[in-house]
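A.B. asks: Residue numbers (our numbering), protein chains in the order written: chain D, 8 to 398; chain F, 1261 to 1420.
Because the hints were derived from the structure by calculation, they are not lab data.
Just so you know, not all the hints are guaranteed correct.
Every beta carbon over 10 Å from chain D, so not counted as near; a handful from chain F, in silico [unchecked claim]:
1) I1268
2) N1272
3) K1292
4) L1310
5) A1333
6) E1342
7) Y1345
8) G1358
9) L1363
10) A1375
11) E1380
12) L1397
13) R1415
14) V1417
Below, a list of computed lysine-lysine pairs in the BS3-like style, where the Cα atoms sit at most 30 Å apart [to be verified]:
15) K1271(F) - K223(D)
16) K1296(F) - K302(D)
17) K302(D) - K1271(F)
18) K291(D) - K1292(F)
19) K1412(F) - K38(D)
20) K387(D) - K1302(F)
21) K354(D) - K1412(F)
22) K269(D) - K222(D)
23) K1318(F) - K302(D)
24) K1318(F) - K1263(F)
25) K1271(F) - K291(D)
26) K387(D) - K1318(F)
27) K1401(F) - K302(D)
28) K1297(F) - K1412(F)
29) K302(D) - K1292(F)
30) K387(D) - K1292(F)
31) K291(D) - K1401(F)
32) K317(D) - K1271(F)
33) K1296(F) - K387(D)
34) K1412(F) - K348(D)
35) K1318(F) - K38(D)
The structure presented is a predicted model; accordingly, all values stated were derived computationally and were not measured.
A virtual CB, placed ideally from N, CA and C, is assigned to each residue, including glycine.
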Amino acid sequence: MMNYDNILSKKASCIPPSGIRKFFDIVSEMKDAISLGVGEPDFVTPWPIREAGVTSLEKGRTHYTSNAGTMELREEISRYVNRKYNLNYNPKNEIIVTVGGSEAIDITLRALLNPGDEVLIPEPSFVCYKPCTILAGGVPVPIVTEEKDNFRLTKEKLLEKITDRTKVLILPFPNNPTGAIMEKEDLEAIASVLRDTNIIVLSDEIYSELTYNGKKHVSFASIDGMWERTVTINGFSKAFAMTGWRLGYLAAPAPLCSVMYKIHQYAIMCAPTTSQLAAVEALKNCDGDVENMCKEYNQRRRVLVDGFRKMGLSCFEPEGAFYVFPNISSLGYSSEDFAKKLLEEEKVAVVPGTAFGECGEGFVRCSYAYSIESIQEALKRIGNFVERHKK
Amino acid sequence: MNKELLSILEKNSRITPAEIAVMLGTTEEAVKEEIKKLESDKIILGYRTLINWEQVDKDTIKAYIELKITPQAAKGFDRVAEKIYKYPQVKSLTLMSGAYDLLLEVEGETLRDVAMFVSEKLSQMDSVIATTTHFVLKTYKKENVIFQHPDKDPREVITL
Ligand SMILES: Cc1ncc(COP(=O)(O)O)c(C=O)c1O
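Same shape as in the complex, but just chain D:
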């Protein structure tokens, strides 16, 4: 009998499994459940992008590309982030095309961390920062963001957690799961703290195209003096509804990029070729598609927020991404119990806030990557549930 426990890497085995796996399994097996649990667009990738992918296959473009991605795509990315977010990156040595934003996050942390280095992670936030930090030998240090601060990261909260071991600050905005954004003034405040340190910022801007109330996304690297200390991460999954294509990118000063490049080269070779060729079309010709999707998300966002508030729940108004994060603590259940009971009684699936950090307790994440009709039906059911369980 092999004792696998002694064989497996201690570090990898010690990563806590997602605590709500069981809950997911129940949802998956339930036939007629309405789910608001999905973290990806309901839209199919716009047709011109799919067609570009198909055409590339027809032409026999089925080989590796250069490690960092095709030069054409890197040039388009460079132009895109410049026209959208006023960023300047050299496509030759400051941009790497990756397998989703996910890979970009991983290789950034691996390139930066020495054993014991601390990574500041504002929470609630996306689930990969913590395990990737641990795997890279770093120490995750959560920073709690609060509803009363609109779930933004404040200067004070940041200062509290900075030590002389702090290596990286993660800036996950627009945020999954809260939908919070950081406006220019908020970023300026963070910049003022970082300016005299050696802290590097990993800015995960994967939802940058999905912002509302006329508040255009501001890139951290565009703030005065911050370019030199920022790794900008973005991708095609959310803006262009391309989750299955597995394509993202990072942009950073050349000395940083060259180390990430090495990891990428040996671990990945290159991002999928079909996806890279299709992505050129996305960046060049699909602003209108993105705008239309964003308009629809915005309508749904208003319906969900309004629905929760009418139930008497406190619901922060998200201004980015496609999630709302209502506060359900007034019902007296934990997030997980709320989600379980709601699923059992009304067959609606939402994600407990605790999936995104301990401080997510008291909240649940509801995605609005669904048709208005599904959202309205889900709201009706949640409304019944809340009515029944109100304290």
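Using the hints provided, position chain F with the ligand relative to the given structure of chain D.
C.D. replies: Just chain F with the ligand now, with coordinates in the frame of chain D:
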């Protein structure tokens, strides 16, 4: 709010002003007023139901008919069009650029109905030079709606 309001209604005319108000972040009153205005300005012309008749046991024949007309001065096309659209068989009529001038969508109960309408009514008109009739075999998409039964949501039920 005009265009966004119109595109919401175009997708679903049964949605209530209260629901639209939430979606657009405005008041029910404002939406009602706007709709009233759009109706009286004849921008909103009606509220219809999109039906896939091919799924219903109803024998209708649909055809698109191209008409070539003798060259017309100024409002000439409008006058010819007025004569044609009065026929109840004509479901839609548009003036086109290119190899022909008018495009008609015609419905009848049988092939013969449609053929007779073309030969006895349209072809007899002085200004009509030529007609080409195309019968519809199958509709794939109309009013931006794909007629096939939609697939179920292909996504995983929960992703973080
Ligand atoms: C905040 C955030 N970052 C990164 C990702 C990873 O996306 P991808 O690897 O598809 O680019 C996600 C996906 O849900 C996300 O929510």
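A.B. asks: Can the restraint linking K291(D) and K1292(F) be considered satisfied, given a maximum Cα separation of 30 Å?
C.D. replies: With a Cα-Cα distance of about 39 Å, the restraint between K291(D) and K1292(F) is violated, given a limit of 30 Å.
A.B. asks: Taking the shortest Cβ-to-Cβ distance between R1415(F) and chain D, state whether it exceeds 10 Å.
C.D. replies: At roughly 5 Å from the nearest Cβ of chain D, R1415(F) sits no farther out than 10 Å, so the non-interface label is violated.
A.B. asks: Minimum Cβ separation between A1333(F) and chain D greater than 10 Å?
C.D. replies: Given that every Cβ of chain D is farther than 10 Å from that of A1333(F), nearest at about 39 Å, it holds.
A.B. asks: Is the hinted pair K1412(F) and K348(D) satisfied, with a Cα-Cα distance of at most 30 Å?
C.D. replies: holds (25 Å)
A.B. asks: Compute the least Cβ-Cβ separation between A1375(F) and chain D, then decide whether it is above 10 Å.
C.D. replies: holds (37 Å)
A.B. asks: Given the hint that K302(D) pairs with K1292(F), does the C-alpha gap stay at or below 30 Å?
C.D. replies: holds (21 Å)
A.B. asks: Could you check that no beta carbon of chain D comes within 10 Å of the beta carbon of K1292(F)?
C.D. replies: For K1292(F), whose nearest Cβ neighbour in chain D is about 18 Å away, the distance exceeds 10 Å, so it holds.
A.B. asks: Between K1297(F) and K1412(F), does the CA-CA distance stay at or below 30 Å?
C.D. replies: violated (39 Å)
A.B. asks: For V1417(F), is the shortest CB-to-CB distance to chain D above 10 Å, so the non-interface label stands?
C.D. replies: violated (4 Å)
A.B. asks: For the pair supplied as a hint, K291(D) and K1401(F), confirm whether the alpha-carbon distance does not exceed 30 Å.
C.D. replies: holds (27 Å)
A.B. asks: Between the alpha carbons of K387(D) and K1292(F), is the straight-line distance 30 Å or under?
C.D. replies: holds (24 Å)
A.B. asks: For the pair supplied as a hint, K1318(F) and K302(D), confirm whether the alpha-carbon distance does not exceed 30 Å.
C.D. replies: violated (39 Å)
Violated hints, in rising order: 1, 2, 13, 14, 18, 20, 22, 23, 24, 26, 28, 35; the structure is consistent with all others.
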